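Peer 1: What follows is each chain in one-letter form.
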Amino acid sequence: MERLLATWIEPLSLERSDGSTLRDTARLLDALSELCPFVEVVRLGLFVLPLRGPSRFFGGDDAVVRIVRHSVLDTVGAVAKIGVAEGLFCAELAAHAEVVVAPGATDVFRRAQPLDVLNHRELAATCRRLGLFTVGSFADLEPARVAERFSGRARTLHRVARGELFELEGQRDPTLGRRLSRLRGVDDLFEEPRSFFGQRGAGDDRADAAARRVRRRLGADGVVVARLCGGRGPEDRATLVPWGSPPGGAPGGAPWPGQLGAPSPMITLAHPVPLVLRDGENRPVVVGSRGSLSGAPATVIFSAPLRREVLWYAGPWPLVERWWSRHRRRAHVQLVLADGEALLVVAEAERWWLAGIYD
Amino acid sequence: MFAFSSPRPPLPEELAARIRPVSLAKSRTLPLGEPWNTLVPGGTIRRGSSVVVEAAPGWGGFSLALTLVSGASALGHWAAVVGVDDPGVVAMAELGVDLRRVLFVPRPRGAWAESAADLLDGVDLLILRPPARAAHGAARRLVDRVRDGGSVLVLLSEPRTPWPLPADLTLRVVRAQWSTSSRLDARYLTVRVDGRGAASNGGEHVVVVPNHQGRAAVR
Chain A
1387 MERLLATWIE
1397 PLSLERSDGS
1407 TLRDTARLLD
1417 ALSELCPFVE
1427 VVRLGLFVLP
1437 LRGPSRFFGG
1447 DDAVVRIVRH
1457 SVLDTVGAVA
1467 KIGVAEGLFC
1477 AELAAHAEVV
1487 VAPGATDVFR
1497 RAQPLDVLNH
1507 RELAATCRRL
1517 GLFTVGSFAD
1527 LEPARVAERF
1537 SGRARTLHRV
1547 ARGELFELEG
1557 QRDPTLGRRL
1567 SRLRGVDDLF
1577 EEPRSFFGQR
1587 GAGDDRADAA
1597 ARRVRRRLGA
1607 DGVVVARLCG
1617 GRGPEDRATL
1627 VPWGSPPGGA
1637 PGGAPWPGQL
1647 GAPSPMITLA
1657 HPVPLVLRDG
1667 ENRPVVVGSR
1677 GSLSGAPATV
1687 IFSAPLRREV
1697 LWYAGPWPLV
1707 ERWWSRHRRR
1717 AHVQLVLADG
1727 EALLVVAEAE
1737 RWWLAGIYD
Chain B
5 MFAFSSPRPP
15 LPEELAARIR
25 PVSLAKSRTL
35 PLGEPWNTLV
45 PGGTIRRGSS
55 VVVEAAPGWG
65 GFSLALTLVS
75 GASALGHWAA
85 VVGVDDPGVV
95 AMAELGVDLR
105 RVLFVPRPRG
115 AWAESAADLL
125 DGVDLLILRP
135 PARAAHGAAR
145 RLVDRVRDGG
155 SVLVLLSEPR
165 TPWPLPADLT
175 LRVVRAQWST
185 SSRLDARYLT
195 VRVDGRGAAS
205 NGGEHVVVVP
215 NHQGRAAVR
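Read top to bottom, the protein sequences are chains A and B.
Going left to right, the first sequence walks through residues 1387 to 1745 as my numbering numbers them.
Going left to right, the second sequence walks through residues 5 to 223 as my numbering numbers them.
Since the hints were derived computationally from the structure, they do not count as laboratory data.
Computed from a predicted structure; not experimentally measured.
Where hints are given, some of them may not hold.
Some but not every residue of chain B turned toward chain A, in silico, with C-beta under 7 angstroms [said to hold, decoys possible]: (1) F66; (2) L103; (3) L107.
Only some residues are given here: those of chain B computed to face chain A with a beta carbon under 8 angstroms [unchecked claim]: (4) G65; (5) D90; (6) S186.
All residues carry an ideal CB built from backbone N, CA and C; glycine is no exception.
From just these sequences and the hints, can you work out the full model?
Peer 2: Next comes the structure, spelled out in structure tokens:
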């Protein structure tokens, strides 16, 4: 089976109603096509390319990973999760886990996964009762036993678990290709809903049904759920994904260096608002190379007429991302304004943005 | 895709007519989060109630609403947040809300009341930020729906644009003050409690959000 490099870009998995997600997806597809003409967007947020050719051309798997990472960062300004394994199913799992599975090791990798990755809660629950917790242990069941005990869908999943099929039903968004061509001026249909909750309880079905009702009313991105992932600033750690998205990586409880502690802002802006910060002599405040401020912030100006007095500030807390170039150097500053509102602002590329509000 | 439904077999008609949901007096209430479990009489809120949290912009209204629901959320009750544009989910987790059981409808656009009503049968706690001037009729219909159902509705409003109906419990932030060190530490909110029945004239309390354990507490 072909080795695939899968790239998971969380921000692109959440479709925004202004169409920017689809546009960014198209742009990134173009950029990645320059590396590898066979790159494919499987569904929003998930890009896949066959690795063999590019790996030879660029001099190894790691080189391709690095180049793709840079390309994603430069094109859409997002940090990608990248992984390599054989077949789409395992490649996506590798991306979420951010691992490169060595040639021939995909079998072991797949077999070690928890059963939840098959996205079938009843199957997982039944297997658990049988004492089967991994994809491998499920794969080892006799096909005949699976056939008599489980539904047709589970038989398909059994083949995925055994490595006979390489794709999970629902992994691919069949409408996306059409929507992208339509965006580029070419046609369309409505997306079929998905539903997934990791753990089921009595109330979960009711919530499921309620979410379905709202989505019918407001559209695919009308209902979102939270996913915590380990980024640097609160605006990076907090992701809202459309309800029904397939499960991503595990929630990040890992303490990142440079992470701002509690309290985090109650409002984190998905689209940061630009602002101007000036000191007492009306000079713009900038973050120096040593990570200090050029002056104490005295006023914050949102748009020309909206000017507010800063009573107190703290920071800056620099956020130097490992592989990011200098212009991605960022710093956080907390501000308290005259009317008691507190803001989290971020300096990036010598400009200031409103990142959060402590409501 | 990932959707699969296992429809329950319908109950025989003669049986359906004779049963009703188990509803003991106690289960008709939801526990309030800290510190409201000690400040509001009984420490619980009856299902079907509406609660108004009124605060000036940036004065901790959303935090305060979350402190109300965090106790029930931690026990596994489902919650929904409607009309809050960019909810800070990290902060919600810090306040003790279980994000695995929260549905967000950030931008219901014109359909805020309809979206909220859609969710009522599915969640136990519904935090709603209605549009600045909520139509009286739509508000009335929603509150009636809440009263008949099993959820608690928490409304976020501002003093300039108050919720047009009386509530079972009202929390007003009358003063908000940050406590700071080399960073923002916590906020002291002076909250005036009012409501129907035992909660009427519930007095003023200073609560700190969050306290050192990431919850809210009485100062």
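Peer 1: Against this structure, judge whether each hint is valid.
Peer 2: Evaluation of the provided hints:
no. : hint : verdict
1   : F66  : 4 angstroms, holds
2   : L103 : 4 angstroms, holds
3   : L107 : 5 angstroms, holds
4   : G65  : 6 angstroms, holds
5   : D90  : 5 angstroms, holds
6   : S186 : 6 angstroms, holds
Hint check: no violations occur; every hint is consistent with the structure.
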